[in-house]
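Sequence lines, in order, name chains A and B.
Residue numbers in the first sequence follow numbering that gives the first Met the number 0, run continuously in steps of one, and reach 278 at the last position.
Residue numbers in the second sequence follow numbering that gives the first Met the number 0, run continuously in steps of one, and reach 281 at the last position.
Source of the hints: derived by calculation from the structure; they are not laboratory data.
The structure presented is a predicted model; accordingly, all values stated were derived computationally and were not measured.
Beta carbons are placed, not taken as given, at the ideal position from N, Cα and C, and that holds for glycine.
Among chain A residues calculated to face chain B with C-beta under 10 angstroms, some are:
1) 182
2) 247
3) 274
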Amino acid sequence: MNYFEAKNLVFDYVKSDENGLVTTNRALDGLNFVIEKGKFTAIIGQNGSGKSTLAKNMNALLVPTEGTMLVDGMDTCDAENTWKVRQRVAMVFQNPDNQIVSAIVEDDVAFGPETLGIDPDEIRVRVDEALMGVEMIDYKKKAPHLLSGGQKQRIAIAGAVAMQPECIVFDEPTAMLDPKGRQEVLKVIGQLNAKGITTVLITHFMEEAALADKIIVLDGGRIQMEGTPVEVFRRADELKALSLGVPPAVELGLELKERGIDAPDDIMTIDEMVDYLCQ
Amino acid sequence: MSIEVRNLTHVYSEGMPHESLALDDISFRVEDGEFVGIIGHTGSGKSTLLQHLNGLLKPKSGSIIIDGTDITSPGVSMREIRCKVGLVFQYPEYQLFEETVAKDVAFGPSNLGLSQEEIDARVEEAIRLVGLDYERLKDVSPFELSGGQKRRVAIAGVIAMKPQALILDEPTAGLNPKAHADILDMVNTIHRTESNIILFVSHNMNDIARMSDRILVMDHGRLAMNGTPEEVFTREEELKQMGLALPDAMELTMRLRRKGMNIEQNCLEISALADAIAQLRG
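Put together the whole structure using the sequences plus the hints.
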């Protein structure tokens, strides 16, 4: 079942200066794609390729200039649908400090469901469940600013989870984290997806994109590639031309090939590469 | 020029209920021309340490000797120290504020009492050094540039002060692979051209391994390790306990070894590992 469906999706940023001169910057230029319910999709592309604009079109923070974006069958251009879409699709951004609003962890996680007008007893249950899901229940009475980056980002994710969304869009959630924080956040993302939450991950880390069911490659507001990680990372030269790269295991496979050692091109992770080389 | 830190200790919110020891008896020395990488988990004290090196923070105890001057002693001109030690914060592009690229880069040098010719010359040199097209971009608003370009403009503003030591706090965070590689090239170029000291903070172990002569590892306010990339990244267990990781090539090397592959070299780069595997396969 299609959860997201973009048809000729166009988005223009329009600004006018003090002289009334209007300039238009086309950020998304006729996208067509579908994302199935429950799947894990990664979106990669260089800075300015339209990734974050697309993310904001996925929960009606922005609506298409032309074309349509359907979320669970609902057209985001129809204002009647705005709140329904935002209840279904939650967002987690890059910098946890910009999305934490309360001085106590559990208050912060409760903020979203409170705005939905949910019964306080139900909110308590949801907050505890969400904090358990991100392995932060022991911190529920703590102050967020005393936590590490990875912990704060997991609080932000718990805030999204407590709204019981069907989908979470993660916009570079690990960009500011140390290695352990990154691992923690990726593990939580994997667990949420395993529970059936449709997952969209925007990232500059190719090894993170390799974990997805499908990768969409954006450049200049257009889809340049779309496919499984194996299909996309096979096209290493094209990715390089788009200022992107390949995961380290794929890079090693390519380097080995140059030295006359054949490694299968469907090896995406370090684990798979180690298993192959030591078999 | 050298930087020497002796028994540096810093306490946040001293005497308050949430008092915390941010830096705990740190000592190290950085020689002229060295490229030093700094790693550590979030909250390990990296940024607190950097802010001491150009006098933004004062230590509780210990000394910081920059080019022979102990900057913790009274009466030291902080202005002079900040000209010698340039600090580029995380996401420096948020600090851009001027109407044009050239004006933004000129802001620092304009406050040094230099002649207009000298300022103009420094601005042009700095913009070229960060790999931007001076003629094309000097009169453009910095806010119209891409993320990677904005960051270079911000770095040019610090370089235009001609610091003898340049400190960069996570200069590649949030950039796509190409922009990321371009910033690393830029840092290398600055290091070669200006032959200054570079202190480079990053969560990216690949970059740290590739760029650094020496690595400082911070953990809970202490200096846990101080050694070459090879010395540091062979201490896998300790690093992982601190919430850090190995460079990808080293992680692969270690795992292949554990599975019985006899790789002798400590491979810090993927190409070196490919060489080692090719050698084994003979």
